[in-house]
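Letter by letter, the chains look like this.
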Amino acid sequence: VKIAIVSLLALAALAPQTFKADVDAVRVDVLVTDRNRPMAGLSRDDFELRDNGVPQRIDSVSFEEVPFSMLLALDTSSSVRGPALQDLKQAAKVAAAAMRTTDRAAVMTFSDILRSRAAWTPNGPSLSEAIDAAEAAGPTALFDAAFAALSTRDPQPGRRGLILLFTDGDDTASWLPARTALDKTSRTDAVVYVVTTVLPSTTPDRHLYYRSGLRLTPDALVVDRASFLREIAERTGGDMLVTDSKGLPATFERIVGEFRRRYLVSYMPSGVAPGGWHDIEVALKKRKGHVTARRGYQR
Amino acid sequence: MFDLLHKHKTVAQVILALITLPFAFFGVDFYFNRGDSAQSVATVDGKKISQAEFDDVLREQQQRMRQALGGGFVGDRAFQHDEFAAAARDFSDALTVDPTLLDAAVHLGRIRMLEGQDPEARRLFERATSAPSRSTAYLARLFLGALDERDAKWDEAERRYRDAASLLPAGQSAALSLAALLDRRGLAQESTATISDMLDRTALRPLADPWWGYFNGLGRDPDVLLRVLRTEVSR
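Chains as they are written, first to last, in this note's numbering: chain A, 1 to 299; chain B, 1 to 235.
Source of the hints: derived by calculation from the structure; they are not laboratory data.
Every residue gets a Cβ at the ideal spot worked out from N, C-alpha and C, and that includes glycine.
Errors might be hidden in some of the hints.
[Unchecked claim] Among the chain B residues that face chain A by a calculated CB cut under 7 angstroms, a handful are:
1. L95
2. R112
3. L167
4. A180
5. T192
6. I195
7. L199
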């Protein structure tokens, strides 16, 4: 056993060289739609990409080739109890069933407690059992959960990251401010799809009672009135979908299908400063279509 | 007894409010003996109720109260300036009556932090770091770390968060704070490892975190408050 551990540690020590190359390249998950349907058949020559306004040479574009790892981050606060929880569990299983054999999933549930239900695994009985074990109780630490979800990545390298975040309401228990999770979106290439059963309010009810009152900078607002769910989805190039609990299985399945039909565009940034914030703009050349991608990244 | 209460009407009112409000909204302290989730805390109709089951029901009850009362909830009113000031006065009075109520120091410190009175907030949090209650000392460290982080004193903030984590290794808020700070500092792998470690531990057994019971406030030790009340009215 000792030899095995030493060998693993030795392998782990070699890992950073491989990782560095991965960090230097920028990968952007891009959804191209025509009349709300994913558009297939595009190649590298169909895309143009700017990094901080500077045109970049695209090294590769892949479609349906790179396996993905999906984190199911599920709100299991007390309001989800009852039939809604059954619908949610069914939806999670449908999402897992829609994966290919090379894809993997993990399950995290959250109320005020963030809990890992299943580690990264292909679809199978252990995933179903983990989903079935979820129970609904307690308030909702949405910001804490979003930050933890954005920080959770499959250790297998090269995979695309999908976070399917379900919630049925506003944050009522987080320690971290919303800004922590929003800032984290600039330091991950995972795509967040938010599914909610409650329409975001136009006049957010953000009582300080539900907040720790922490601020990341002296000029930050104590109660941020931005639409957290929409913002976190849009920053990562994902989407926010609203449905009732009966519609959850179909919505989850649609998300997995849509995510698979995204393009993975890779490039090595050139002509731009290495550090700081980088705006990313992706567009199509000489073709019509709606392009969705993350807004940028922080280095 | 009633004469004494009448003579010390203001103090009695403050203390009674501090005792009854948390009870009205939260019931008994749901952190009391929270450590062992498998231990039974009561027997109802012959069925033993475990700590975990009790916690779940209580959290649900709290959530219902919050939703039902909306803007009328005491914590929400505290956000409005007048009520905020009133809450600060109550906590200040409580500390005057019994300086060992360091839970009140944390609450008052948070209000001062929100008001932008950082030196006073720091003084109160520092005072609470020596609280015999690990929960109080833990929260005091976390708030101090948050103030340091906000002011870009990242080394100090990291030390505070690690101190809090060492005080309550199962604390979720300390792990989240530390992970978020490491990520801000560009230490993404360490941040991810911190979250991964936290989630691995919760997979085995739910973590307890004093933040979840923060708004129970002084109500979490009613015996102490009743003792204070008795002492005060018997003077």
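So, going through the hints one by one against the coordinates:
no.: 1; hint: L95; in the structure: violated, 20 angstroms
no.: 2; hint: R112; in the structure: violated, 11 angstroms
no.: 3; hint: L167; in the structure: violated, 15 angstroms
no.: 4; hint: A180; in the structure: holds, 5 angstroms
no.: 5; hint: T192; in the structure: holds, 5 angstroms
no.: 6; hint: I195; in the structure: holds, 4 angstroms
no.: 7; hint: L199; in the structure: holds, 4 angstroms
Hints 1, 2, 3, counting from the list given before, are not met by this structure.
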